[in-house]
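Visitor: The listed protein sequences derive, respectively, from chains D and Z. Under this note's numbering, residue 112 is the last one in the first sequence; the count climbs by one each step, no gaps. Under this note's numbering, residue 1389 is the last one in the second sequence; the count climbs by one each step, no gaps.
Simulated from the structure, these hints should not be mistaken for lab results. Hints may contain errors.
[Claimed, not checked] Just the calculated beta-carbon pair ranges, DEER-fashion:
(1) Leu26(D) / Val1274(Z): 51 to 57 Å
(2) Glu1386(Z) / Glu32(D): 15 to 21 Å
(3) Pro1295(Z) / Asp92(D): 23 to 29 Å
(4) Pro23(D) / Glu1386(Z): 41 to 47 Å
(5) Lys1291(Z) / Asp6(D): 38 to 44 Å
(6) Ser7(D) / Gly1278(Z): 23 to 29 Å
(7) Thr(-5)(D) / Pro1295(Z): 49 to 55 Å
(8) Ser1360(Z) / Pro73(D): 23 to 29 Å
(9) Val1383(Z) / Pro23(D): 42 to 48 Å
(10) Asp6(D) / Glu1337(Z): 28 to 34 Å
(11) Met1267(Z) / Pro23(D): 37 to 43 Å
[As the list claims (entries may be wrong)] Below 20 Å or equal to it, Euclidean Cα-Cα: the simulated SDA-like pairs (lysine to any residue) are:
(12) Lys87(D) / Thr1311(Z)
(13) Lys1326(Z) / Leu1370(Z)
(14) Lys1326(Z) / Ala42(D)
(15) Lys1271(Z) / Thr1369(Z)
(16) Lys1330(Z) / Leu79(D)
[What the hints assert, rightly or not] Calculated from the model, a selection of chain Z residues having no Cβ within reach of chain D, i.e. all distances over 12 Å:
(17) Leu1270
(18) Asp1298
(19) Asp1323
(20) Lys1333
(21) Phe1361
(22) Gly1363
(23) Ile1366
(24) Asn1367
(25) Ile1368
Ideal Cβ placement from N, Cα and C applies to all residues, glycine included.
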Amino acid sequence: MMSRGSKGGTEMTQTLRIEVQQLTGDSAITLDEGQRIYDQIHPMLLADHDVELDFSGVDIIASPFLNAAIGHLLQDIEPDRLNRRLRFLNLAPTGQYTLRRVIENAKRYYADPKLRRAVDKEIETLSQGVEA
Amino acid sequence: MQLLKLTVVDFGVGIPSNVRKYLRKRRMPAADAIRWAFQPGATTTPQRGISRGLGLDLLKTFVKTNKGKLEIFSDGAYGLVDGSTEQFVNHEPSFEGTLINITLHSDEAYYYLATEVNDEPWF
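When you get a sec, could you build the whole thing from the sequences and use the hints?
Guide: Encoded structure:
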């Protein structure tokens, strides 16, 4: 369930609220599930709107989901903006721990984009070679 | 004390073999390869622009916090993680695939990884 509302004032900032459980059910685990969240929130955050992710009813949260949904945001959005615009609601303690580790890992990963691109390209070439 | 014991097994090429291919170190000892795989951010999966590689590190942290035990046999490597130990050694005979034994305390007191409130910014 999603809703978009506008705050008062002249900024016309919108708020996108996503009930994660509506997309994932009780378990938010896979990269693909995370990608679906990312696809919705990434353009909103790029446009400097507010996003609220509500994890009510989500009992299991795994790192692949968070890598795709949240970690990936650090590729092209500044941490300051994410701290200002993105809020996590009703995230269980174990999910909070995993999220902090995911964010640390993503920061390390995106800190060296040249290396990352080179490694990704190389691995892709190698895996295509193996499959062929 | 309630204990939960889990075993997960597959018959793939094993972790050291994938790590050697990924790092292009054909002679890397199995023990070093499996130690590498347990580091945060280590992955042999094509990442396609998304950071990954946290699964084994998170599992290791969880087992330590729980004061449980994890044993892994994979392609000539053996690893042991418990409350006080973390060791990775070469192991013969080699297990062709990957086998993980996990023992966890299932009492609630051991369950949470982190319960304290943390008001630090997320990013």
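Visitor: Each hint: holds or not?
Guide: Verification of the hints:
1. Leu26(D) / Val1274(Z): 51 to 57 Å: Given a distance of about 40 Å, which is not inside 51 to 57 Å, the answer is violated.
2. Glu1386(Z) / Glu32(D): 15 to 21 Å: 19 Å, holds
3. Pro1295(Z) / Asp92(D): 23 to 29 Å: Cβ of Pro1295(Z) to Cβ of Asp92(D): about 27 Å, so the range 23 to 29 Å holds.
4. Pro23(D) / Glu1386(Z): 41 to 47 Å: Because 27 Å falls outside the window, the suggested range is violated.
5. Lys1291(Z) / Asp6(D): 38 to 44 Å: Since Lys1291(Z) and Asp6(D) have Cβ atoms about 41 Å apart, the given range 38 to 44 Å holds.
6. Ser7(D) / Gly1278(Z): 23 to 29 Å: 24 Å, holds
7. Thr(-5)(D) / Pro1295(Z): 49 to 55 Å: Once the Cβ atoms are compared, 53 Å apart, the range 49 to 55 Å for Pro1295(Z) and Thr(-5)(D) holds.
8. Ser1360(Z) / Pro73(D): 23 to 29 Å: 40 Å, violated
9. Val1383(Z) / Pro23(D): 42 to 48 Å: 32 Å, violated
10. Asp6(D) / Glu1337(Z): 28 to 34 Å: 30 Å, holds
11. Met1267(Z) / Pro23(D): 37 to 43 Å: Check failed, 51 Å falls outside 37 to 43 Å.
12. Lys87(D) / Thr1311(Z): 18 Å, holds
13. Lys1326(Z) / Leu1370(Z): 12 Å, holds
14. Lys1326(Z) / Ala42(D): 14 Å, holds
15. Lys1271(Z) / Thr1369(Z): Holds, at about 5 Å.
16. Lys1330(Z) / Leu79(D): 19 Å, holds
17. Leu1270: 16 Å, holds
18. Asp1298: 19 Å, holds
19. Asp1323: The claim breaks: Asp1323(Z) does not keep its Cβ more than 12 Å from every Cβ of chain D (closest is about 8 Å).
20. Lys1333: Label holds. Min Cβ-Cβ 17 Å, cutoff 12 Å.
21. Phe1361: The assertion about Phe1361(Z) holds, with a minimum of 23 Å to chain D.
22. Gly1363: It holds; Gly1363(Z) is separated from chain D by about 18 Å at its closest Cβ, greater than 12 Å.
23. Ile1366: 16 Å, holds
24. Asn1367: 21 Å, holds
25. Ile1368: 16 Å, holds
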